[in-house]
Amino acid sequence: MGILRDEARKLSGTLRQRTAEPELDEEIQFHLDMQTAKNVRLGMSEEEARRAALVSFGGLDRFKEEARDEYRSRPLEDLVQDLRYGVRSALGAPLFTLLAVLTLALGIGANAAVFGVVKSVLLDALPYARADRLVRISMGTQDGTMQRSGVSAGAFVDIAERQRSFTRVTPFFNGVDNLVYSGEGGPQVLTFTQVGPGFFQTLGVKAPLGRTLTDADAGAEDLVVLLSHGAWQRLFAGDPRALGRTLRLNGRPRKLVGVLPRGFVGPMGDADVWLPLDLRPTLSDPVHARRRHWLGLVGRLAPGATLERARRELDVIAADLAREHPDADAGHVFTPEPLRDSMVGETRTPLLLLLASAGLVLLITCANLAAALLSRTLSRRQEFAVRVALGAGRGRLVRQLLTESCLLAAAGGAAGLLLAELGLATVRGFALPLPAYASLSLDPVAVAVMSLIAVVTGLAFGLVPALAAGRANPQGALREGTRGASESRRTRRLRGVLVAAQIALCVSLLAGAGLLARSLWAMSTAPLGFNPDGVLAVTLQFPSHEYDKKAVLLRFYERFTERLRALPGVTGVAGVSELPSPVMNRNGLAIQGVTWPEKDSPPFITYVSVSDDYFRAMGIPLLQGRTFGPADRPDTTTAIVVSQSMAKRYWPDGGAIGARIRMGPDVDAPWFEVVGIVGDVRNDPARPEPEPEAYGSSRQDIWMGTFLIRTQGDPRSLLRSVRRELAAIDPEMAMSRSMPLRDYVAEKLAGRRLPVLLMTGFGALALLLASVGVYAMFASMVAAREREFGLRVVLGSTRQAIAALVLWAGAAWMAAGLAGGAIGIVVVTRLLRNLLFGVPPFDPVALGVSVAALLACATVALLVPLRRATRIDPINVIRV
Amino acid sequence: MNPKNKGDLLQGTLDMLVLKALELEPMHGWGITERIEQWSEKVLQVNQGSLYPALYRLQRQGWINSSWKTTENNRRARYYALTAAGRRQLAAERESWERLSAAVNLVMGMSTA
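Line by line, the protein sequences give chains Z and D.
When we follow numbering that gives the first Met the number 0, the leftmost residue of the first sequence carries the number 0, and every step to the right adds one.
When we follow numbering that gives the first Met the number 0, the leftmost residue of the second sequence carries the number 0, and every step to the right adds one.
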């Protein structure tokens, strides 16, 4: 049967190649004709003569195949043949192939997905021209209590005039806010930001439709506006005729002069509406000019200038300003930072962590496949020996093994790409705290890098068994016969090392995942200091200048609060200037009788303005003194409530109540008085320590945007009636956000959840792979020593003794793996230290669970081969 | 293989014989088999199945080269010609063959009476 198939294959090969070798055919034809002619001369009939000629030639096709063998060196044909063998041998071992492709797909898929994210955040070009020359300048205090803060308008003007390192420094509103657009379909809340003169020129961004802003737009009579590409699509369906139309924004008509490119986002984030920023009103206000730190600055390095030079220059300017304006600028530093770094911000660590995890998974994948290929090569030793004996060159054999590996890698890579797409789609589903410019996609470069990983992986895990096969001694292998060929010491050790490495990597990953999961658990269960359950938070957008007047605002607050209180089920209503969040308003603190050290700036303390019922509605306990009430009026002394940790820090010996302090930019304001101490609140649920915080009364500091409504039922069910009450007071009023406070808090933790989920996923993946590795090690060890075990049984060994033998051989490597894992754990915990919360780095629970999980899986994995070892039937094994 | 009592070619000698056949003039494959048969007085019959692989092998080693020419009967045929390297190879093989056959003759000529 084999011969027939061979002949058929050769014949089909000949047919396929016929066109490629007309010369060979012609030459043979010529030979046959000559031979036939000679036969005729010798007296045969024509027909007989031809047949005799053919016979003398032997099998025509076989001859051609041999001739071809001699004729060329054939890299392409060899490759095709190798691939054919590869596919055939892969199909011949479906389980192995499935396992290998799946393992690879998971390893490569995980890496491609994570790499797609990392690349779009850390490597992709920012949407600006020559973005590597762009620098963000921020302000901080020398003592470090404030970092990456905004810059005051006055300081900006001074920096812009004195610096020589930048071609231009341009200011922008360091954030995104809401405004109301009165369009045809009723009021809509849009996001907006403001940018100073030269902003788009500095970034090197041009408007594809209309123009960007010019220096003349700031403070000009004609109000103008730019739209983002997305907003233009949404509001005007991408109609170019929208250019020149007038939009009513916060009650003011503004002319649309341009649309920004698709994909453009500012250093402050994405916004629908871009307005010119006019600093003149701020600069003419003596208090706000130097004391409100709200501007973001971005500059383009001048030709030849470096970041280092800019840093030195800014240090000099900061020192000069501290001298010139000691009351406003003392203790301040200005720090330049590459724009990308400032935009990547805190995402870098989790991303690199993910990349490292994915890399570990890939390593485990490789180790696993190396081990699998190794045992497959061993079981194919006979086949290789036969081929070497039949004349296959060893180089050729190695090449074929490598081809097989690459074939597997290609299949695994393709499947991995699919998985990566799925993975990215899942990741997109999370509200990720990634920089606004990052698009999560598998772009061509990511795919190219991925394919490279696949090929390198194939080569890497193909090489080990291939080298072993290259050394194979055909005579030895053939003589050993079909059975009983024990693994050599060398390959056994190699496999042991591979399994140990997998276990070490797996334990490290699991420990990391465990620590992160415990942190997340601690974050979401640790008391926040307030009770977010049963509270609906509604943030309002005040539509027009009407509400700039304090009296109007106050009247609105009263009416709205009254109406909300009357709603059924509502047990409390309160207002606050800002919901707890990681980034909050901070005011400088002055205490009567206390001078901060000469060169220091005053400490900056989180400050919010709250209504009388705020503490009750939020469930923040009053510890000492009082909260706010009707007695606090604009004409009485400003009352301040401080948090426990603020009281402890600034009045460690007590005496906070009654202390005279001042907060905010106005240094000439009358002293405030501390009237109460309340419990601490963790504004950032991802941070363990509460920050010092101060509260002012909304009766005195009229500044409220968010209403908190506590109810007995589901906060969500209140929404409709809240909307109705709001419309009853002012139909122009829009809600920019409304959600249960619990959801709001959970949203702040969403960014923490993804690394935990992914790392746990990677950990599970690693566990699965390592279990497969352990199984493969024991299975092939048992298979290789079957005859030995059979002999032992014949010679009187008990099954327990054999089980012990197997366990002992494998357990040593597992122990080595765990020991290696201990080192891995130390490395992982060092990497994770900054991400941990409420969990010690060597948390016994996390570490114990991860080691236990691994041991449990490994035990299950070794049970099957162990069972097989103890059930060996000596008769079958001994008979040869 | 060959039932007739013809001389089977000693392994490796075919290449030498082909080189020798081409020593005088370029020839096509069929001509080579005819010449070897003729010179060996029909003792040596070159198996065509071995001849062509040998020709390609020699060609790859650079000892012969080939070109298409027209025969006296006006047919196209591939002609093989000896290269300079082939001539040196022929000389070397002839020398080692003579040494070998002389040695074999010595052994076979020993009287064992």
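Don't read these hints as lab results, they were simulated from the structure.
In this text, a Cβ means the ideal position worked out from N, Cα and C, and glycines have one as well.
Treat the hints loosely; a few may be bogus.
Partial chain Z-side listing against chain D, Cβ under 8 Å, derived [unchecked claim]: (1) E26; (2) H30; (3) S580.
Here's how the hints hold up against the structure:
Taking 8 Å as the C-beta contact cut-off toward chain D, the hint placing Z:E26 at the interface holds, the least distance being around 5 Å. With its C-beta approaching chain D no nearer than about 5 Å, Z:H30 sits inside the 8 Å limit, and its interface hint holds. The interface hint given for Z:S580 is violated, since its Cβ lies 78 Å from the closest Cβ of chain D, which is over the 8 Å cut-off.
Going down the numbered hints, you'll see the structure goes against just number 3.
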